[in-house]
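Since the structure of chain A is provided, determine the placement of chain B on it from the hints.
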Amino acid sequence: MDILIVLIPAALLLGGLGLAAFLWSLNSSQYDDLDGAARRILLEDEPPD
Amino acid sequence: MARLTEAFGEIASGAGCCPADSAILPLSPEAAEAVAPHVAAYVTLEEDGVKSLELAVPGMTCAACIARVERAARDVPGVDRARANFSARKLSVAWRGDLALAERIVAALAAEGYKATPFSAEAVLSADDAAMRDLLRALGVAGFATMNVMLLSISVWAGSDMAESTRSFFHWLSALIALPAVAYAGRPFYRGAFAALKSRRLNMDVPVSLAVILASAMSLYQTTIHGGAVYFDASVTLLFFLLLGRLLDLRVRAKARSAARQLLAIRARAATVIDPDGSRRFVRPEALTPGMRVSVAAGERVPADGTLTSEFALLDNSLLTGESLPEETESGAQVYAGALNLADPVEVAVTRPDNLSLLAEVGRLMEAAEQGRARYVRLADRVAQAYAPVVHVLGAATAAAWLLLGVGWENALQTGIAVLIITCPCALALAVPAVQVVAGGRMLRNGVLVKGGDALERLANIDMVVFDKTGTLTTGELTLACPADPQALALAATVARESRHPLARALVRAAKGIQSEIALRNVREEAGLGLQATTKAGIVRLGSRRWVGAEDDASDDSKAEIWLRDARGRLTRFAFADQVRVDAADTIAKLQQMGVDLAILSGDRPAAVSTVAAAVGIGAWEGACSPGEKIRWLRKRAAMGYRVFMIGDGLNDAPALTEAHASMSPSDAADIAQNAADFVSLGDRLGPVADTLRIARASQRLVFQNFALCAAYNAVAVPIAMAGLASPLIAAIAMSVSSLAVTLNALRLKWIS
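Chains A and B, in that order, give the protein sequences. Numbering follows our numbering, in which position 8 of the first sequence is assigned residue number 8; successive positions increment by one, without gaps. Whatever position you read off the second sequence (first residue = 1), add 1000 for our numbering.
Honestly, the hints are just simulated from the structure, not real lab data. A few of these clues could be false.
As the list claims (entries may be wrong) - With the C-beta cut set under 8 Å, the calculated list includes, among others, these residues of chain B facing chain A:
(1) C1062
(2) A1063
(3) V1079
(4) R1081
(5) N1085
(6) F1086
(7) L1135
(8) F1144
(9) L1151
(10) I1154
(11) T1166
(12) R1167
(13) L1173
(14) T1572
Keep in mind that this is a model prediction, so the values were computed, not measured. Even for Gly, the Cβ is constructed at its ideal location relative to N, Cα and C.
Same shape as in the complex, but just chain A (with noise of 0.2 Å):
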């Protein structure tokens, strides 16, 4: 069982990883406007010139 000793921690860095991933994507205010980001996916951008 010696493998837990990297097991472990892995599983808790990840995880971490991901928490941390969503209290950024919470506090860049990504979550103030879904209906407005489920939206925008049907606009164009600009053309580049």
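Using the frame of chain A, we list chain B on its own:
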């Protein structure tokens, strides 16, 4: 309610989306100017010289609107950033430089057809934003902790031949993850429990906080002595489910604005006072005193109650009476704050200060009603008031009993805490929000927006439905009552295009699709009479009977009419009527079948109301009701024990909408009515009223079923816990199963009728 839309460029109801739709009309230059100067007062100055402004743009309805609004704002030279928030229907702009850019941005949006008004701070409950974020953060942390602690716990439960050191290691790891998570994610509940205890009350937060804190403390103790009763996973899972329940509850709640305060935003923002020496100055409406003379331009609203000093005025009083036709007001007649001036500029002598105006009175009625509304206690809270003491007593009794049986204080405490955990209200906390979220989704598919969970609860209890007439039972738009000769219609429409009068606009609408190439010269409009124009063939007149020279007819005028005299002197009459909605009679029949009483309360003339009442099949009706009279009528019914569901759309309905037990408003209604109502019905059918009532009643049934499930679960789980058989594994299973059962039952709402 017919909307005098050209002055403010709003989008006509039920129109398809933006770009090619001819229903969007750009703001007239005077009206654009009337809104713009006040915008600069709302600009905030940030550090490093950046100026920012938030504008409410309710006209955004689709993706194309987002692009158009952002581009219009960005194209104004000097603007650095323009970002639309579609969910909140607002636009944030930032720029450096001149303050006056604010007005240019509003004008640019107006040119595209979008009315933009500054987002007033009190109008939007921004606390909800912060609360949502806090909850999401707590949920994220609780979710992370739950998953990782569960990972460890399941290993412990499954590994019967696990070495003692490994088990201990896992327990310590769980403690390391769970304790900070419990401290952080449990804050909403600790705060709520503390607040309740301070005022010597009990709410749902108290047993939750107790269970979580005691479980964590006991588990920590057990970990240090290498015992087995470690409940870390139970405490974090409990927090996770409860936070989820709270989040669902918050999501069902749309941003509620105090409709009463928004009322004040409707009246004129600055009044033009004419001093005795003839000079003019701008004054805030609050500063007007009786005796002052004010000038009201075309397209502006009257700033205060007073008497008309000009000879004649054409005013739209729909805000106060719901009457769709403009009123011809003679000199000396009473005019009210909020009335819209349709024709030439007029002068008014102020007779009542701003705080005594009819508009202010309506605002006060609404505030009183809103406060009454706030006292409604939600079903879940009522259950909590009974639930919490019972749970505490059971836990304490269990611990005491085991202590008396001589198992030692450790084991006795353990069992007592196990009882607290098992009776965890996570199923209870999910019972109501889960159903309401599904109900809200189903209503949205039927085209109804729900403003909050308590609205659904209140709607399920109603036994009487009251309708407003104009704009609710009827479409609020004038349509041609009988077919007309296409040539005459084409000529009339061409002339009518030059006027803002609602009948003229109705004529233009009726003639949509008919091509005509008639050229007009010398178009002239006489307020209150009609239009005159010169064509190739001669002089053409469009307007009232007198204007075109038809004989006066003493017949009833319940239909609105407009006459055309063409160059050869031929007279044509166009009669308009406010059409009853297509499915009104059907909906009324369905409602009657559901066993509710029906009535109509309208501010319109009794003759008009009785016609509509007969058309839809409602026996009880009242006409010529002022906003105050509507409220009194509702209060009388409430005193008789009726619970009323009010459906209305105009400003004159807003106090009634707030006072009623539950209320609904069409989406093309005045902003105020939409804010005051509990439900907003999108689209132009009346069918959603019956559907919503049915769904609300079904939701109530399911909520009670969920409560029954919780009671059954407790009836089984509590004895098990009291007997000391509730190990951490059992607790976890019990919690998950009960929450799952409640959620699955809630999902049944999707299919039952």
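Hints versus structure:
Below 8 Å, beta-carbon pairs count as interface contacts, and C1062 (chain B) has one with chain A at about 7 Å; its hint therefore holds. At about 4 Å, the closest approach between the beta carbon of A1063 (chain B) and any beta carbon in chain A falls short of 8 Å, and the interface hint on this residue holds. Look at V1079 (chain B): its Cβ only gets to about 16 Å from chain A, farther than 8 Å, so that hint breaks. A least Cβ separation of about 14 Å between R1081 (chain B) and chain A goes past the 8 Å threshold, and the interface hint is therefore violated.
The closest approach between the C-beta of N1085 (chain B) and any C-beta of chain A is roughly 5 Å, which is under the 8 Å cut-off, so the hint is satisfied. Annotation: interface hint on F1086 (chain B) holds; nearest CB of chain A at approximately 3 Å, less than 8 Å. At its closest, the beta carbon of L1135 (chain B) sits 10 Å from a beta carbon of chain A; the interface hint therefore is violated under the 8 Å criterion. For F1144 (chain B), the shortest C-beta to C-beta distance to chain A is roughly 4 Å, which falls under 8 Å, so the interface hint holds.
Taken as an interface hint, L1151 (chain B) checks out: its beta carbon lies about 7 Å from the nearest beta carbon of chain A, inside 8 Å. For I1154 (chain B), the interface hint is violated, the least distance from its beta-carbon to any beta-carbon of chain A being 13 Å, above 8 Å. Given the 8 Å rule on beta carbons, the hint for T1166 (chain B) holds: about 6 Å separates it from the nearest Cβ of chain A. Restraint check, R1167 (chain B) versus chain A: the minimum CB separation of about 11 Å is more than 8 Å; hint violated.
Given the 8 Å rule on beta carbons, the hint for L1173 (chain B) holds: about 6 Å separates it from the nearest Cβ of chain A. Interface restraint check: T1572 (chain B) against chain A, minimum CB-CB distance 46 Å, threshold 8 Å, status violated.
Of the numbered hints listed earlier, those contradicted by the structure are 3, 4, 7, 10, 12, 14.
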